[in-house]
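Build the full structure now, drawing on both the sequences and the hints.
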Amino acid sequence: MMITGIIIGFLTGTVLTFIIIKLKFDKNKKDWVSENEILKSQLNQLSNEKIINEQRSSDLQNEFNSAKEELEVARLNIIELNSKLAAKEADYKNINLKLNEQKLELEQLYKKFNTEFENLANKIFEEKSQKFTQQNKTNIDEILHPLNEKIKDFEKKIDETYEKGLKDQTALQAELLKLHDLNNKISLEASNLTKALKGDVKKQGNWGEMILERILENSGLIKDEEYKTQVSIKDDKGSRYQPDVVIYLPDKKNIIIDAKVSLVAYEHWVNAETEQEKNKYIKQHLVSIKSHIKELSDKKYQLLEGLNTPEYVLLFVPIEASFSIAIQEDKDIFNYAWNNKIVIVSPSTLIATLMTVASIWKQENQTKNAIEIARQSGALYDKFVGLMNDLIDVGKKLDSTKNSYEASMKKLSAGSGNLIRKIEAIKKLGAKASKEMPQKIIERATE
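292 is the number of the first residue of the sequence shown in the numbering used here; add one for each residue after it.
Read the hints as simulated data drawn from the structure, not as lab findings.
All values reported here derive from a predicted model rather than from experimental measurement.
Take these hints with a grain of salt, some might be off.
Stated by the list, open to error - The list that follows gives simulated cross-link-like pairs (lysine-lysine, DSSO-like), each with its CA atoms no further than 27 angstroms apart:
(1) Lys519 <-> Lys585
(2) Lys632 <-> Lys590
(3) Lys701 <-> Lys659
(4) Lys591 <-> Lys525
(5) Lys622 <-> Lys569
(6) Lys519 <-> Lys632
(7) Lys591 <-> Lys569
(8) Lys632 <-> Lys574
(9) Lys574 <-> Lys585
(10) Lys590 <-> Lys622
(11) Lys525 <-> Lys632
(12) Lys659 <-> Lys544
(13) Lys653 <-> Lys591
(14) Lys659 <-> Lys543
(15) Lys726 <-> Lys713
(16) Lys590 <-> Lys569
(17) Lys514 <-> Lys659
(18) Lys591 <-> Lys544
(19) Lys719 <-> Lys693
(20) Lys514 <-> Lys525
(21) Lys544 <-> Lys590
(22) Lys713 <-> Lys731
(23) Lys687 <-> Lys674
(24) Lys384 <-> Lys571
(25) Lys632 <-> Lys585
(26) Lys581 <-> Lys632
(27) Lys653 <-> Lys544
Shown next as structure tokens:
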């Protein structure tokens with residue numbers, strides 16, 4: 292019985308223990324299920340947030356790409372407007388200057404020709420007026436008329452050029468206001484462009500060359516005549532050099548331009564948050580620019596055979612802000628470049644330089660036209676003088692012929708026993724003749 296009781300007690304305890312354990316297990320299982328549901332809910336929420344963030348990231352990337360494209364378009368527009376503005380200003384100044392010079396020259400030339408022609412014509416016509424025929428007068432008019440027409444055409448062209456210059460001046464004021472607004476926009480968005488180009492040296496170089504060529508295209512210079520790009524030149528050792536641009540001047544001289552882009556350190560400086568970081572990156576930016584100066588100086592383009600260049604080469608920095616901050620931080624950088632036979636130019640200063648070159652070409656062409664007009668005018672004047680000399684000779688010969696005529700007529704009709712009287716007397720005696728002596732001749736012989 293005792294053993295039976297022990298066994299029953301053991302079984303009872305075992306059953307109770309099992310029940311207690313099962314109750315705890317069921318409770319824990321419910322807790323686990325509940326926690327699992329919570330975790331699943333959180334996981335779903337995180338997945339949804341991930342999808343939203345990915346979509347937002349894609350939208351931001353699209354916005355960035357769109358802003359980058361708009362910035363590039365705006366930058367190209369401002370460069371084009373800068374070029375047009377500089378061209379208009381240069382053209383207007385040159386036209387005014389040339390107009391005043393040409394008007395003065397034309398007035399002097401016109402006065403000189405008029406005075407000389409009038410004096411010469413008056414002298415000749417006063418001395419020989421009764422001897423010149425209407426045909427002679429017509430010949431003189433034919434000589435003078437083309438010259439007068441050319442002078443009038445020249446005056447008309449000058450007046451048209453002057454009127455065009457006044458209209459361009461009015462248009463320039465509107466362009467200046469537009470240019471000011473676009474400059475402000477470009478300044479605000481320049482940092483985005485540097486971010487888009489950073490890290491890719493080849494892309495930076497290509498972009499710098501593209502900006503340089505766009506400025507050249509809008510400068511008024513003619514490609515392959517007044518400038519060339521990527522000209523390949525060999526030195527006396529056979530090494531090949533390829534400057535970005537060679538500008539040709541009217542006096543057969545050249546200007547060399549090479550584009551250099553310094554972006555990495557500049558971009559870090561723009562995004563730096565502390566003064567210490569800014570100082571660090573601006574120093575790196577200056578080192579980068581100076582290295583470009585030294586690299587370009589070592590090429591010694593001005594010594595290459597076939598190029599007639601001054602001692603200095605132009606280094607083009609396409610980002611105006613990058614160039615400005617370098618000048619602000621190191622005012623001696625110009626002297627450093629100058630000592631290395633380099634002149635640093637930005638888009639604004641390069642545009643002004645190229646406009647000056649284009650203006651020089653225009654002045655050269657205008658000068659050639661003025662010289663040609665003066666040459667043709669001189670040739671006409673020489674022809675006129677030659678004609679006058681010929682007419683004077685004709686007058687002298689006419690005088691001589693008239694004198695001979697008068698002498699012969701005197702021999703025929705002068706005196707009481709002149710030849711005409713004798714011939715008429717023979718006729719009266721019965722000589723047969725089929726013709727009659729002119730009555731005026733007979734009257735003259737019998738006077």
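Report the numbers of all earlier hints that the structure fails to satisfy, in ascending order.
3, 7, 13, 16, 19, 24
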